[in-house]
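J.: Input sequences plus hints: build the corresponding full structure.
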Amino acid sequence: MEEFMPKAIAFASQHTVMVVAWIVVFVGTIYVFVKSAVSGSKEIEQAQLSRLVNKENAVIVDLRSSEEFLRGHIAGSQNILPRDIKEKNLGKLEQYKDIPVIVVCASGMTSRGSAEQLYKQGFKQVYSLKEGIQGWKAANLPLVKKS
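Per the working numbering, the sequence shown starts with residue 1047, numbered consecutively.
Certain hints may be false.
[Unchecked claim] With a cut-off of at most 27 Å between alpha-carbon atoms, the simulated DSS-like pairs for lysine-lysine come out as follows:
1. K1176 x K1192
2. K1088 x K1138
3. K1088 x K1053
Since the hints were made in silico from the structure, they are not lab data.
T.: Here it is as structure tokens:
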């Protein structure tokens, strides 16, 4: 151990940018892990979405724009914009506070924040679809199109 510390300090001083980058990555990883552990909403895969819809009558909330929604969405999903969730303009969605609600967006990024907001607004079981509609399409799962 006596030999290690001087070598580690010398390495760190010669490779400062790399050491700082590794520290940032490490802290970021810990942050994401802790945040997901204490989150009220959970991220699910496509198969889990199908199971929740079929066995527990889950409601699917699609956050994409109306145009994107009309080009193709998961069957039975409702189109609600993220700003409506943020402003608590939930309409019919209010009646589903006691059943599973699955939030879907294009890539899975926007849905996490909106799912967390729904949880904070009193929804008991809130989920976010991992990889969103892109992941759904990549798994060759069907979309409903409306014109």
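J.: Are the hints correct? Go through all of them and say.
T.: Hint by hint, here is what the structure shows:
In summary, the hint linking K1176 to K1192 is supported, as the alpha carbons are separated by about 24 Å, within the 27 Å threshold. A hinted pair counts as satisfied when its Cα atoms are at most 27 Å apart, and K1088 with K1138 qualifies at roughly 22 Å. Of the pairs offered as hints, the one joining K1088 and K1053 is violated, with about 43 Å between alpha carbons and a cut-off of 27 Å exceeded.
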